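Since each chain comes alone in its own frame, lean on the hints to assemble the complex.
Residue numbers (this note's numbering), protein chains in the order written: chain A, 408 to 609; chain B, -7 to 304.
Just so you know, these hints were derived from the structure itself, not from any lab.
Remember, predicted model here, so these are calculated numbers, not experimental data.
There's no promise every hint is true.
Covered by chain A, according to a simulated footprint, are these stretches of chain B (three or more residues, beta-carbon under 8 Å) [claimed, not checked]:
1) -4 to 2
2) 70 to 84
3) 173 to 187
4) 220 to 233
Negatives, chain A to chain B, calculated, CB over 10 Å [stated by the list, open to error]:
5) Gly511
6) Phe520
7) Gln537
8) Thr554
9) Thr562
We put the CB at the ideal spot given by N, CA and C, even for glycine.
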Amino acid sequence: MKVRALAVVTLVALAGIGTALMAAAGRAPAPAPTIGAFAIDAVHTTVVFKVQRINGAPFYGTFKKIDGSFNIDPANLSASIVDVTIPVESIDSNNGGRDKHLKGADFFSAAEFPNLAFKSKSVTKTADKQFEIAGDLTARGVTKPITIKALQTGTGPARGGGTAAGFDVTFSFNRSDFGINYGPQALGDEVAVMVGLEGVKK
Amino acid sequence: MEPQLIKQLALGIVPPLLVALVLFPAFWWRRRATRQELPALTPPTLDNTRADPTWLAPLVFGLIGVVMSPIIASKLPFPPTGGADWLAFVALAGLVMGLTAKAIRFPIVVRWLVRLAVIAAVGYVSLRAPIHGRWSPQTSALWLAGFTAITGVVFWAAERHTDRTRGPAGPIVLLVLCFAANQLLILGYHSLKLAQYPGFFAAALGPVLILALIRPRFTLAFGGVHVPVLMTAAALLQGTFAAVVNDDAPFPFVWVLMLAASPILALVGSVGPLGRLTGWKAAAVRGGLAALPAFAAVGWAASTYEFPTNDY
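With the rest of the complex left out, here is chain B (with noise of 0.2 Å):
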């Protein structure tokens, strides 16, 4: 690989590494369970995260998404065009959301026509030439109906993860994700630029997921999936309309369904006495399980690359 394109692509891991690798702990290290709270580190509550930073993670991850945008694009032209040049708009509207959600817990059929109505404006950004140049409205609808639903289902399964549980669980889902996203768009869709954005997150996952490890008190509680759900969405439908329109990807649809279905299916760590574990033997079961329709479309997707018989 080429020293430029190495610049490139530490770019977009080396400021989101250490970011978090600075902020997380300055802010949680002294947010050690105490000897009253350990036999049940419950689940977070409202009221039982008062104390606890958990207003870090969707700023952190927000600001991540809003400043690296443009600097992995170096200019960004506004009004932006492309749907990539609406990224950081979807960081700013997870910022808003995830901050939103720590302060203010509206009621749930509230907090979904909200979230449903910004994804589905998400997808809109994001297939608006085609939405405006060649789609009929029955086509467009049926994008952003399917967008929506999945994204949907994905937020559900993720906030699941992060909403009810503390230690390293959470974050140890969200990292499969936001990583196999990342790799799925270099191998499947063949875009490096879209697959910064959800590295940016799975860069600055990784000293979380440390950190939870080590302070089991630790959770992403209200807010911290908001932006890497919407970012990693918003880059994964660019990238498979890309890869469909262009024909140059043999299963896009598939591959993002299993990735989908990651978080859906870490949810069984949730039950039954698995649900009981707690810490790492809780990350291991959730990542494994979180792991295995994710990396197998990684996988799949990389048995299909072509990788370029010299470097460009």
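Okay, chain A solo, but in the shape it has when bound (with noise of 0.2 Å):
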């Protein structure tokens, strides 16, 4: 009996190690920024997704960090790149609960999966500052192909100097593709996301 104790004990002991070790673990870190691209200016850019609620109306909510780069090149479309991070611990649906609960298991995963990724593979021109860019978008550890239509709607100086260029962004996904499928009688599958895109080169 007091080696069934003491092993108890010890095995107790370790899960407490563990808990005070659990808080070493960290996140992944954003993507440096491409050489000679723009780096996304998060303070100008927004990130909105709308999903349907069942017998509802459609549901706004937004992410309030991003990272990454791009340089769409109307003159050199093969160079041309998209590399996004949104960190899923950003997300705002303007309720505390249901923002614990979006970040949870039940749908992003974020303590799993921290982040939100999209990586272009081709861009295309599809019409005066019209763009199709091709690539692949990460969710809960899923990737998936998928094609996003950019307007690019502005480029001049930047305030804090260098080149500001901008774009209004628009996709959208099923979220069940991606194992973010919960509550499907509560809400719809597809999401839907607009970003208004802004980037500086310096």
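Right, here's the structure in full:
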């Protein structure tokens, strides 16, 4: 009996050490801006998502943080790139309890998969100032190819020096394709994303 | 609460409850204890349970876990990516282990080595993303060691209740564990989805408990605890991990340790004069003891829970 008690105490102590070390679990670093590309200006970039509430209205939420870079050059489309990372912890649905739920295992599982990411593979010009960007979207550990649309909305001198460029970016995906499949009775499958993307090249 | 949310929660409760309500009485109703068996109601052994449908519990619990996991998730990615995507496979492992425990009694060392290996594997798939992406080998090893240790102890304690007694004492301890885990995952760790996994077994164990009160010969011996304990432990591990990393629960490890203490404290009900109690008296004592730390943890978590200001 003493041996068993000792074993139990030892095992529980092990768990306690695990607890203490848990705080050491870090997060994946944001990608470094590509040389020569526009570094995303997070202050002037807005990420909005929309999902349909079943029997209700479309619901809009935002992500407060975004990192990465882009370079969409109509003169050299083969060299154009878009590389974006969005920390899931920055989600804001205008309700603290809902934010916790969205970050949790039921939806984005931010503890396991801290970032959403998009990395372009090819950029195609479809009309004047309009582009289609094919690439890989990664969410909740699943990577799927998608195509996003980008409309160039402005370019010129940036306030702090350098050159600014802005795009209106839209795309959509089915959340169930990425394992974000909880609550189909309450929320639609399709998620529309709108990004007011602004970057600065020094 | 919105009707859609109620529908989602009912989806995890009603089917397991109905399956247990139909199948357990169907197979156990005729297993009335004979006059010769009554004075003893001897602890179950492989020999004296040969005629009993003890295979039913691991089979039903296993199938509930395997079938219900994709149903509540609506669509499971394959290969699994997140820890929650692996829970159907955890149920499958528990099903195989449970049925094997009924069929073959391996030496205790072999049995426990296999169990601890399976528990560690469950921990690994539950925490696969941080182990491969962010944690050092030391941190990963400590998490897995802690999980394996705690789950091993809970497994041992839960099995002491089911494998050494007949009647409602075993089911009630397991019911308290699963129900408290369900509530803790909602109130403490903010996950309705993870809460539904122990919720399956809490729902199924309701009819089982009533049956065991009526039929004192009933036992969950040899395989009954495998699936509920493994799935509940995996769901709690993922809930605890998420709560710690997202920093949205004040005492996630304390709560989970209190819950783990539940079947251990209930063992006091098997000692001395308390151990000679049978039927509803044994169930009341062990259920009460199990409920003390478990419901204290739930109450504590509830006291920190920020109820949404409106339905979302």
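Take the segment -4 to 2 of chain B, compare each residue's beta carbon with every beta carbon of chain A, and decide whether three or more fall closer than 8 Å. As far as the segment -4 to 2 of chain B goes, the hint holds, because 4 residues have Cβ atoms under 8 Å from chain A.
Three or more residues of the segment 220 to 233 of chain B near chain A by CB distance under 8 Å? The restraint on the segment 220 to 233 of chain B holds, since 3 of its residues have a Cβ under 8 Å from chain A and three suffice.
So is the segment 173 to 187 of chain B in contact with chain A by the C-beta rule, three or more residues under 8 Å, or is the coverage claim wrong? holds (count 6)
Hey, does glutamine 537 of chain A actually stay past 10 Å from chain B on C-beta? The claim holds: glutamine 537 of chain A sits with its nearest Cβ about 33 Å from chain B, beyond 10 Å.
Decide, holds or violated, for the assertion that all CB atoms of chain B are farther than 10 Å from the CB of glycine 511 of chain A. violated (5 Å)
Evaluate the condition: distance from the CB of threonine 554 of chain A to the nearest CB of chain B exceeds 10 Å. holds (21 Å)
Regarding the assertion that phenylalanine 520 of chain A does not contact chain B, is the least Cβ-Cβ distance greater than 10 Å? violated (6 Å)
Could you let me know if the closest chain B CB is still more than 10 Å away from the CB of threonine 562 of chain A? holds (36 Å)
Given that the segment 70 to 84 of chain B was listed as covered by chain A, double-check it with a C-beta distance under 8 Å for 3 or more residues. Satisfied; 5 residues make the cut.
The structure fails to meet hints 5, 6 from the earlier list, while all remaining hints are met.
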